[in-house]
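S.K.: Residue strings, one per chain:
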Amino acid sequence: MKEILEYIGMAFILIGGIFLFLGALGILRMPDLYTRLQAGTKASTLGAMSTILGVGFLHPEWFLKIAIIVIFIGVANPLSSHALARASYRKGVIPFSKSGIDKYKKAVKKQNKKVSS
Amino acid sequence: MNIIYIIVFTLMGIGITISMIRFVKGPRSGDRAIALDTLSIIITASMVLLAHVFERYIYIDVALIYGVLGFVGIIVIARYIEGAL
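Residue numbers (the working numbering), protein chains in the order written: chain W, 1 to 117; chain V, 1001 to 1085.
Quick caveat, the hints were computed from the structure, so don't treat them as lab data. All of these numbers come straight from a predicted model, not from anything done at the bench. Please note: incorrect hints may appear among the correct ones.
Listed below are the simulated EDC-like cross-link pairs for lysine to aspartate or glutamate, each with C-alpha atoms no more than 16 Å apart in a straight line [what the hints assert, rightly or not]: (1) W/K2 - W/E61; (2) W/K91 - V/E1082; (3) W/K65 - V/D1061; (4) V/K1025 - W/E61; (5) W/K98 - W/D32; (6) W/K91 - W/E6.
One-sided and incomplete, this derived list gives chain V residues near chain W with beta-carbon spacing under 7 Å [what the hints assert, rightly or not]: (7) V1008; (8) T1038; (9) I1042; (10) I1043; (11) H1052; (12) V1062; (13) L1064; (14) I1074; (15) V1076; (16) A1078.
Heads up, the beta-carbon is just placed ideally off N, CA and C, and yes, glycines get one too.
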């Protein structure tokens, strides 16, 4: 039983390391702020959760605090990326796109009108 | 068993180096904040893995506190960029 848990934990740790590396690579290679945010936040959230759960499988007696860290990362990391994207859109960073579709512009305009009137 | 830790720590080290490059190079302040966010996530994960390698339970507390402080810092930076602070 313990050996099986050990193999599962090792697999989780290896997957997590690969995804952390891919998230950092996306930050270096992507062309614009929003795509960088996408790559850097989603891939690195999966990588961190997978690595920490792998350590939890290797040490079942530490599992309570590890579960707290995993839940906290799963809640907090999308929240911070959302706040960053909203802030930099309102600051005036234009999204990189070939199609020219920008649906958030209309919503921001409507919201500003409601606030000012 | 031991080779997996070497592979994972090497990948994490390359990831930290790459996001430091983006942190220095980034054209706007938003890019720098994203690089800082990814850096703090990688350091949290590597802290938990170090707790397993060194068999020290106290490092998990360090990872928890580091994660909370990184989250609060990113929220404050985002509010500052938006101009609401």
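S.K.: Are any of the numbered hints broken by this structure? If so, which, sorted upward?
M.R.: 4, 6, 10, 12, 15
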